[in-house]
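Full structure from sequences and hints, please.
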Amino acid sequence: MRLLVDIKKRLKGFSLNVAFTIDDEYLGILGASGSGKSMTLKCIAGVETPDEGRIELNGKVLFDSAKRINLKPQERNIGYLFQNYALFPHMTVEENIGIGLRLPQKEKKQKVKEMIEAFRLQGLETKYPNQISGGQQQRVALARCIVYKPEVLMLDEPFSALDTHLRDQLQLEVLELLKLYQGGVLMVSHSRDEIYRLCKKLVIIDQGKSILFGDTKEIFKQPRLQAAARIIGCKNISGCEIISSHSVRAVDWGFILETGRPVPETTKYLGIQAHDFCLLDVASGDPMKEQNNVIKCRIKRIVEGELEYSVYFSNKEMEQDNGNSDLVYKVRKELWDNRRNKEELYLKIPEQAILFLA
Amino acid sequence: MDISPIIISMKTASAAIALTFLLGLFVARWVVRLKSEKAKMVLDGILTLPLVLPPTVIGFLLLLVFGVNRPIGRVLLEFLGVKIVFSWSATVIAAVVISFPLMYRSARSAFEQVDQNLVMAAKTLGMSERRIFWRIIMPLALPGVAGGGILAFARGLGEFGATAMIAGNIANETRTLPLAIYAEVAAGNMQMAAYYVIIVMLISFLVVASTNYFAMKERKYAK
Numbered sequence: 000m001r002l003l004v005d006i007k008k009r010l011k012g013f014s015l016n017v018a019f020t021i022d023d024e025y026l027g028i029l030g031a032s033g034s035g036k037s038m039t040l041k042c043i044a045g046v047e048t049p050d051e052g053r054i055e056l057n058g059k060v061l062f063d064s065a066k067r068i069n070l071k072p073q074e075r076n077i078g079y080l081f082q083n084y085a086l087f088p089h090m091t092v093e094e095n096i097g098i099g100l101r102l103p104q105k106e107k108k109q110k111v112k113e114m115i116e117a118f119r120l121q122g123l124e125t126k127y128p129n130q131i132s133g134g135q136q137q138r139v140a141l142a143r144c145i146v147y148k149p150e151v152l153m154l155d156e157p158f159s160a161l162d163t164h165l166r167d168q169l170q171l172e173v174l175e176l177l178k179l180y181q182g183g184v185l186m187v188s189h190s191r192d193e194i195y196r197l198c199k200k201l202v203i204i205d206q207g208k209s210i211l212f213g214d215t216k217e218i219f220k221q222p223r224l225q226a227a228a229r230i231i232g233c234k235n236i237s238g239c240e241i242i243s244s245h246s247v248r249a250v251d252w253g254f255i256l257e258t259g260r261p262v263p264e265t266t267k268y269l270g271i272q273a274h275d276f277c278l279l280d281v282a283s284g285d286p287m288k289e290q291n292n293v294i295k296c297r298i299k300r301i302v303e304g305e306l307e308y309s310v311y312f313s314n315k316e317m318e319q320d321n322g323n324s325d326l327v328y329k330v331r332k333e334l335w336d337n338r339r340n341k342e343e344l345y346l347k348i349p350e351q352a353i354l355f356l357a
Numbered sequence: 000m001d002i003s004p005i006i007i008s009m010k011t012a013s014a015a016i017a018l019t020f021l022l023g024l025f026v027a028r029w030v031v032r033l034k035s036e037k038a039k040m041v042l043d044g045i046l047t048l049p050l051v052l053p054p055t056v057i058g059f060l061l062l063l064v065f066g067v068n069r070p071i072g073r074v075l076l077e078f079l080g081v082k083i084v085f086s087w088s089a090t091v092i093a094a095v096v097i098s099f100p101l102m103y104r105s106a107r108s109a110f111e112q113v114d115q116n117l118v119m120a121a122k123t124l125g126m127s128e129r130r131i132f133w134r135i136i137m138p139l140a141l142p143g144v145a146g147g148g149i150l151a152f153a154r155g156l157g158e159f160g161a162t163a164m165i166a167g168n169i170a171n172e173t174r175t176l177p178l179a180i181y182a183e184v185a186a187g188n189m190q191m192a193a194y195y196v197i198i199v200m201l202i203s204f205l206v207v208a209s210t211n212y213f214a215m216k217e218r219k220y221a222k
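Residue numbers (numbering that gives the first Met the number 0), protein chains in the order written: chain A, 0 to 357; chain B, 0 to 222.
No wet-lab data here; the hints were simulated from the structure. Wrong hints could be hidden among the right ones.
Stated by the list, open to error - In silico DSSO-like pairs for lysine-lysine, Cα to Cα no more than 30 Å straight-line:
(1) B:K39 with A:K11
(2) B:K34 with A:K59
(3) B:K37 with A:K71
(4) B:K39 with A:K8
(5) B:K37 with A:K7
(6) A:K8 with B:K37
(7) B:K34 with A:K11
(8) B:K39 with A:K71
(9) B:K34 with A:K66
(10) B:K37 with A:K11
(11) A:K7 with B:K34
(12) A:K7 with B:K39
(13) A:K71 with B:K34
(14) A:K208 with B:K34
(15) B:K34 with A:K8
Keep in mind it's a predicted model, so treat the numbers as computed, not measured.
Shown next as structure tokens:
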């Protein structure tokens, strides 16, 4: 399987400009709500038409504005799992799964039966979509796509319509079920977690543009761009001034950092993940003199989460605190509760935790 | 009691609804699929006009088209030997033109209310446009379409103004129930008019009640 996408489309408020290629891996498309992810899938499926560009699947041209090729969705052989599943409400589970098959009655029945078994939907054959649970609806929708043997399967926010407590279990289930399907999978999501778990490759879309494309783990480790860092969930981002090849000033935060490695010349921003600070728990002395990259913190507020605290703070030594310079530090509860020095908070920023962003 | 108005009315209303239903569906589907919003607006205006114009104006316009001294009326008369005005077919034409907007508008909004995601999903499943229309759009739009059909039937049954203009009030030929009621009242036969009134009310009630019954049965999938 090989899918090549390079399309442009003008939309209300912004324009879509997306380019990527995938082979057999699972590709995730990550972006904020309304950034054009679903529209990208719709263009690939052929239910929306891009203004210009090219879409190619396994060497077959699906769309090419220059050559005026635009195959109908019916001719593209692409599976599309809609966000709300788009099950036909007036058809039973059986009918929903079989509706796209153009086979003699007997073979069709056999095929549908196989899918019902593989997707563990036995007993629900004659039920209508509104009579079954959300997870079951999702399995029906998935079965309906896969029975049709598409060359690529696209999942639009596959878990967003489900309750949180179901989500983890269903992710595993879907991953298991997807093994029944030989082919590429393209998955759109605004959940970093989902993408990280399920997809090997990643495209980041910001305001309609695909700004970064690559290996998922790489990108999460080193997002390279300010917008990409935001989308993968980096909470602390500051403007940056390069002082020397190995030190930078974090403009918004008012401190200087030693980087321990050369600073790329293109660096305009710095990022630090909220989990990456080190708590320096010293009872006495001034850790700022003994080590570099240590911040004396002024705690603004602490928000208690299920497993961790989010500690919002700013640099205590910064004279003008304009409120835009807050950072957030996420810390395990027991580590925070058992710290010895409760008078002052010192945090160290490890050199390797500094993200250089363009 | 003369039962001919009842028979003529039933014949007219049935023939009219058959034509209106198909025509309304066809035109609604065509307009919904138009790409240009402007063309949609203009067409919608024209197609809705018979609903808002006084029926006598429609009757007048129909006379302009079908009158024996008018181009279309003359062609029909000279080449086919068909005289439309003041014949039974004129009652049908009047009823169709007057009731068409009700059918068209109901069908159009029913089609437009079908979730577009379902149509898109059907396309990605390889279903042809024709199959999508008959298997997805029509079943889902059916309650609205049927409702439009009922309204159009009732309106056709009650048609008076345009019918009087183009079909006249000829006993045993073009005198439908509404015209019969008018004629009896004009002749001072209030008793007779009251019988006709009761019959019209009865038919109308039966039609509306039966739709509600079918709508209830139809929705087994919606809870």
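Here is what the structure says about each hint:
no.	hint	verdict
1	B:K39 with A:K11	21 Å, holds
2	B:K34 with A:K59	28 Å, holds
3	B:K37 with A:K71	26 Å, holds
4	B:K39 with A:K8	24 Å, holds
5	B:K37 with A:K7	26 Å, holds
6	A:K8 with B:K37	22 Å, holds
7	B:K34 with A:K11	18 Å, holds
8	B:K39 with A:K71	24 Å, holds
9	B:K34 with A:K66	23 Å, holds
10	B:K37 with A:K11	19 Å, holds
11	A:K7 with B:K34	21 Å, holds
12	A:K7 with B:K39	28 Å, holds
13	A:K71 with B:K34	17 Å, holds
14	A:K208 with B:K34	27 Å, holds
15	B:K34 with A:K8	18 Å, holds
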